[in-house]
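Trainee: Residue numbers (the numbering used here), protein chains in the order written: chain V, 1 to 121; chain F, 1 to 114.
Treat the hints with care, as some may be off.
[Said to hold, decoys possible] Quick list of simulated restraints, FRET-style, between CB atoms:
no., chain 1, residue 1, chain 2, residue 2, range
1, F, P8, V, S74, 38 to 44 Å
2, V, A71, F, A38, 30 to 36 Å
3, V, Q57, F, H10, 42 to 48 Å
4, V, S28, F, G40, 44 to 50 Å
5, F, R22, V, Q14, 39 to 45 Å
6, F, H10, V, Q8, 48 to 54 Å
7, V, P9, F, G28, 35 to 41 Å
8, V, E61, F, N71, 16 to 22 Å
9, V, S7, F, A38, 15 to 21 Å
10, F, G16, V, Q8, 27 to 33 Å
11, F, L67, V, P40, 28 to 34 Å
If you're looking for bench data, these hints aren't it; they were derived computationally from the structure. Virtual Cβ for every residue (Gly too), placed ideally from N, Cα, C.
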Amino acid sequence: AQTVTQSQPEMSVQEAETVTLSCTYDTSESDYYLFWYKQPPSRQMILVIRQEAYKQQNATENRFSVNFQKAAKSFSLKISDSQLGDAAMYFCAYTGGVASFNNNAGNMLTFGGGTRLMVKP
Amino acid sequence: ETGVTQSPTHLIKTRGQQVTLRCSSQSGHNTVSWYQQALGQGPQFIFQYYREEENGRGNFPPRFSGLQFPNYSSELNVNALELDDSALYLCASSLRLAEYNEQFFGPGTRLTVL
Numbered sequence: 001a002q003t004v005t006q007s008q009p010e011m012s013v014q015e016a017e018t019v020t021l022s023c024t025y026d027t028s029e030s031d032y033y034l035f036w037y038k039q040p041p042s043r044q045m046i047l048v049i050r051q052e053a054y055k056q057q058n059a060t061e062n063r064f065s066v067n068f069q070k071a072a073k074s075f076s077l078k079i080s081d082s083q084l085g086d087a088a089m090y091f092c093a094y095t096g097g098v099a100s101f102n103n104n105a106g107n108m109l110t111f112g113g114g115t116r117l118m119v120k121p
Numbered sequence: 001e002t003g004v005t006q007s008p009t010h011l012i013k014t015r016g017q018q019v020t021l022r023c024s025s026q027s028g029h030n031t032v033s034w035y036q037q038a039l040g041q042g043p044q045f046i047f048q049y050y051r052e053e054e055n056g057r058g059n060f061p062p063r064f065s066g067l068q069f070p071n072y073s074s075e076l077n078v079n080a081l082e083l084d085d086s087a088l089y090l091c092a093s094s095l096r097l098a099e100y101n102e103q104f105f106g107p108g109t110r111l112t113v114l
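Start from the sequences and build out the full structure, keeping to the hints where you can.
Mentor: Listed below in C-alpha cells is the structure:
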C-alpha cells in the first residue's frame, strides 16, 4: 500500500518570502502522480500543482513549484512571494498510474496528514 | 460550469442512527469519489463510483455504502453510526479518461455523532 508522509504539522512564513513544504511517499509502482492540494479554512480543497512521475522536469504553476526527487521518493512544494491568501492547510497526495487505474483501483487519492501554513503580514 | 455541491452542510446524529449524504458532480463528470476527513487529518478514501458501480474501495467497513445515479450524482450512506464517524465528508468528481483525471472537490458535509 502506498503511504504519504508530511513531517511538518505547521509552517510559518513572512509575507513576500519563500517557504518549502516537505512530503515523502512510499510506493512500489513506477508510474504514478503526485499532487499538492490547498484547503483554506472552511473552503473547498483545490489542486495547486501536479507532477507526473515519468516526467523529470519539475512542475511549476506561477508562484508554486515542486522539487520531485523520484529516487528519494520526495516531493516538496515551494511557494515564492508568499501572500496572505496562501494561508491554508496543504496536503500532499498520491495516485497510481495506468496499471493501478486498470486494476479497478480507480484513481483514489492517498493523502498525507497535512501542513498548516501561516503567513505573517 | 457548475461545481461539485454537497448537502447538507452540517449534520448532527446520535450513535446508532443512519445518515445519508448527497453529492452532485460537476457538469460533464461521470465519476464520484468519497473521502472522510477527521479533524486535523488528511482525507481518507472511502470508495469511488463510476457508471453507477463501485469502482475501488478504501479500508472502510460495509456499513459505509453508496449509490451513483444515472445523472452521476451520488449518495453516501452510513449505518449504525459510531462516535468515530464524526468527520468532514468530502465528495470529489472527475471525468474518467484513459489515465489520469483530476478530481474536483465539493465543500464537504460536517457530520457530528453524539
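Trainee: So, for every hint listed, does it hold in this structure?
Mentor: Hints, verified against the model:
1. The hinted window of 38 to 44 Å between F/P8 and V/S74 holds, with their beta carbons roughly 40 Å apart.
2. Taking the beta carbon of each, V/A71 and F/A38 are about 33 Å apart, inside 30 to 36 Å as hinted.
3. Separated by about 43 Å at the C-beta atoms, V/Q57 and F/H10 satisfy the suggested range of 42 to 48 Å.
4. Between V/S28 and F/G40 the beta carbons are some 29 Å apart, a value that contradicts the proposed interval 44 to 50 Å.
5. Distance hint check: the CB atoms of F/R22 and V/Q14 are about 42 Å apart, consistent with the given range 39 to 45 Å.
6. Distance hint check: the CB atoms of F/H10 and V/Q8 are about 30 Å apart, inconsistent with the given range 48 to 54 Å.
7. Taking the beta carbon of each, V/P9 and F/G28 are about 37 Å apart, inside 35 to 41 Å as hinted.
8. The beta-carbon spacing between V/E61 and F/N71, approximately 32 Å, falls outside the hinted interval of 16 to 22 Å.
9. Taken as a hint, the range 15 to 21 Å holds for the pair V/S7 and F/A38, whose Cβ atoms sit roughly 19 Å apart.
10. Between F/G16 and V/Q8 the C-beta distance comes to about 39 Å, which lies outside the given range of 27 to 33 Å.
11. Checked against the given bound of 28 to 34 Å, the beta carbons of F/L67 and V/P40, roughly 30 Å apart, stay inside it.
In summary, the structure is inconsistent with hints 4, 6, 8, 10 from the numbered list given earlier, while agreeing with the others.
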